[in-house]
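Chemist: Each chain is listed here by its residues.
Number of protein chains: 2
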Amino acid sequence: MLGRLTGVALIGLALPAMAGEVTTFTLDNGLEAVVIENHRAPVVVHMLWYRVGSADEPPGRSGIAHFLEHLMFKGTDTRASGEFSQIVELNGGTDNAFTSLDYTGYFQRVAADRLDLMMELEADRMRNLQMTEEDVATERDVIIEERNQRVENDPGAIFGEQRRAVQYFNHPYRIPIIGWRHEMETLTREDALEFYRRFYAPNNAVLVVAGDVEPDEVRRLAEEHYGPLAPTPDLAPRVRPAEPPQLAERRLTYADPRVAQPYVIRTYLAPERDPGAQEKAAALTYLAEILGGGTTSVLARKLQFETQTAVFTTAFYDGTALDDTTFGVAVVPVEGVSLEEAEAAMDRVLAEFMAEGIDDAQFERIRFQIRAAEIYAQDDTQGLARRYGEGMTSGLTAADIEAWPAVLDAVTKEDVMAAAAELFDRRRAVTGWLTAPATEPAEAIQ
Amino acid sequence: MLGRLTGVALIGLALPAMAGEVTTFTLDNGLEAVVIENHRAPVVVHMLWYRVGSADEPPGRSGIAHFLEHLMFKGTDTRASGEFSQIVELNGGTDNAFTSLDYTGYFQRVAADRLDLMMELEADRMRNLQMTEEDVATERDVIIEERNQRVENDPGAIFGEQRRAVQYFNHPYRIPIIGWRHEMETLTREDALEFYRRFYAPNNAVLVVAGDVEPDEVRRLAEEHYGPLAPTPDLAPRVRPAEPPQLAERRLTYADPRVAQPYVIRTYLAPERDPGAQEKAAALTYLAEILGGGTTSVLARKLQFETQTAVFTTAFYDGTALDDTTFGVAVVPVEGVSLEEAEAAMDRVLAEFMAEGIDDAQFERIRFQIRAAEIYAQDDTQGLARRYGEGMTSGLTAADIEAWPAVLDAVTKEDVMAAAAELFDRRRAVTGWLTAPATEPAEAIQ
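Note that the protein sequences, when read in sequence, are chains F and Y. Residue 1392 in the working numbering is what sits at position 326 of the first sequence, and the numbering runs on without skipping anything. Residue 1093 in the working numbering is what sits at position 27 of the second sequence, and the numbering runs on without skipping anything.
Hints were generated in silico from the structure; no laboratory data involved. Being a predicted model, the structure only gives us computed values, none of them experimental. There's no promise every hint is true.
Said to hold, decoys possible - Incomplete in silico selection of chain Y near chain F, CB under 10 Å:
| no. | residue |
| --- | --- |
| 1 | R1127 |
| 2 | V1232 |
| 3 | P1242 |
| 4 | E1249 |
| 5 | P1307 |
| 6 | L1313 |
| 7 | Y1320 |
| 8 | D1322 |
| 9 | V1496 |
From the three backbone atoms N, C-alpha and C, an ideal C-beta is built for every residue, glycine too.
Chain F extracted, bound-state conformation (with noise of 0.2 Å):
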């Protein structure tokens, strides 16, 4: 990911401090609020995050958060449908929003003398939405359009989805962000509105200005737009079904006749960064730039390039999260090496890693790469702001989004390996092959 840049060059760079100041202050209704200053650009990015994504919603009612994120750009008591994406284009900004497992975020990005008219907005939608039942059904036939485009028609997707559902047991991680199809056909008007009322409040919101502001002026607008909004009362801590001791090792195929690249991929239970202990999710940071980092990574180096076993291989962890999240590899064959080969390779790769550990050199480099992203984050302010956001709704204080870079820059080898050892047991893994079907059609049934 930072293939520019030479070892050499970063050689001497010093860990970052946070650029541009970070303040932090909470309403008296509950809602918190980060203000980034950054004044090289009369610009601001305004985003409201939620405490809440798919991985809050009711049994049986798959797809309710990301449907709801839809329906937030209807109406309100006082604006027309359409007309909260109409007035941030008129005034020359752009806006967009996402769901996740953990979060529900709104932004918009635009001149900084509107931020007073993006509160306003932002703030009227959280409490005053409307939405017609005709509203309801014409964005049901959008989610359930936008599944089929990204997962239907995509068989890495439906093979993502069916490895996840394996993955947890008992954790709602285990339902796709959008939705089980079944389910999303079934959502109507007054699940979107229970899951609006009850988690579209004040207290279960974080702010995140960032851009040419200054932090009170920010504190003087927050009060006047969001301040008056009522929060909701008795909020249940957010607590989700927890995960049984994995025991069994796990294996799947998926076999779609329109896989052209099939590949083994696989998923470790991994920890997530915790409160003011992220020590072994910045380890595993490292460890996935190790193993599958781009072309210098371990399991680049020996099936890429010293031997002809793999045309790609990776390996990722994202440690933002509220609870237990995965670690993976994969390897994509070349032509003539089968999965079970692939898949043969990479566990000889990941047992000669635990054998031989960290070369120093790579460690060093790797570290600089780090540091130099770190580094780079802190000037984009958007990227900053979207960091607050994703780890304040994801159990984090700003204080430990903050620590992170510090976190990640103390990281040794020895924290690396030990990681690695923990990590690396195949009863919380899920190892998945995605392949074309077998000619045989004796393969398809039994």
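Take the given structure of chain F and dock chain Y to it, following the hints.
Modeler: Chain Y in isolation, oriented as in the chain F frame:
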């Protein structure tokens, strides 16, 4: 299961009519009742079945249905803790209770003239249960110890739990009836009371009385004791999250040093008996017998006798369930045959079965066995009562249960092969290996 009988002895058996008159009635408060007369002995079985099982539990509260079953033996407004079972015993009776995925049942067998008293006791605890915090704490220890005994001490049971969790992506049948331990540990008195108040109500119960009784008298007593009980208003329809399409074949290996006898087992998602549509389930009942029901079955013949591959084989299916159930096959290999070889042999037998079809003589033998079993079932009053209770709390009507022997008897070879062709889709299957751990420590890591 009917090994004592020879095919010859069964020829000429007529299709069984339900012996013992079965009558039904419903009280004004919604309580459904079934009366099965059998005057051969002055004994009565009194059963109360609730339409609630572990699959109806709230998320994160697994084990609450079974926990409440235990707590039902504590006191009521007018009876002391433990008094219920003492009274039954002092009256020469026996009593018991059971919790399943779809139902919770309570029964007593006593002299026929004690029916009045049994109803009084059972009606009392339907709405007037009392439990102290101490009762709850004590009994929670009991169910956790029950889990230790039944699950943690039994590698096969752990294996079964992990397989179920992978068989169902979305439906609560993936959760063990006894509960996940970490959730059982957090169950509270309030959890039990909420569950009790909602589900233990006349409009969610089926009364089954079988034995030396007259229907009119049973109705009079039921009206006296159960009639005054208030129903739960607005009891939601019993709809659980349904399975999305299962598209990817799954495998799972559980290794435990306590495993003395490894085996391979595969379960396929399978249709259950539906009201007015029991034909497929009837065909699958035959299929289980044909493939794995005893020493003349296809799996036993080919793997235990023609080749010495297995020490034991079986196939199993129970169609009495509210939602999609499973059909299973299993092979326990002889020493020296690996699980891989055992599975390959099992697959070969299944493929041969699909190609060769069913032997006429074997089919007729099994039809007669099933017919005989149905005839004998009519003589087993308690078993018959259980059939009605189980069926009527699993989505069936009394008429479906009465029709079941005739539906079974009408199954043809073609029905069985069609059901097998639909069933044997690996994409809806989980193949499990239960094994001792490999001796190489390298296997444990990665």
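Chemist: Each hint should be assessed against the structure and marked as holding or not.
Modeler: Status of each hint after checking the structure:
Among the interface hints, the one on R1127(Y) holds; its C-beta lies about 9 Å from the nearest C-beta in chain F, closer than the 10 Å criterion. Residue-level restraint check for V1232(Y) holds (minimum Cβ-Cβ distance to chain F is 5 Å; threshold 10 Å). A distance limit of 10 Å between C-beta atoms decides the matter here; for P1242(Y) the minimum to chain F is near 9 Å, and the interface restraint holds. With a cut of 10 Å, the hint placing E1249(Y) at the interface with chain F holds, because the nearest CB-to-CB distance is about 7 Å.
Taking 10 Å as the C-beta contact cut-off toward chain F, the hint placing P1307(Y) at the interface holds, the least distance being around 4 Å. For the restraint placing L1313(Y) at the interface with chain F, the shortest Cβ-Cβ distance is roughly 6 Å, inside the 10 Å limit, so the hint holds. Annotation: interface hint on Y1320(Y) holds; nearest CB of chain F at approximately 4 Å, less than 10 Å. For D1322(Y), the shortest C-beta to C-beta distance to chain F is roughly 8 Å, which falls under 10 Å, so the interface hint holds.
About 9 Å separates the beta-carbon of V1496(Y) from the nearest beta-carbon of chain F, less than 10 Å, and the hint is met.
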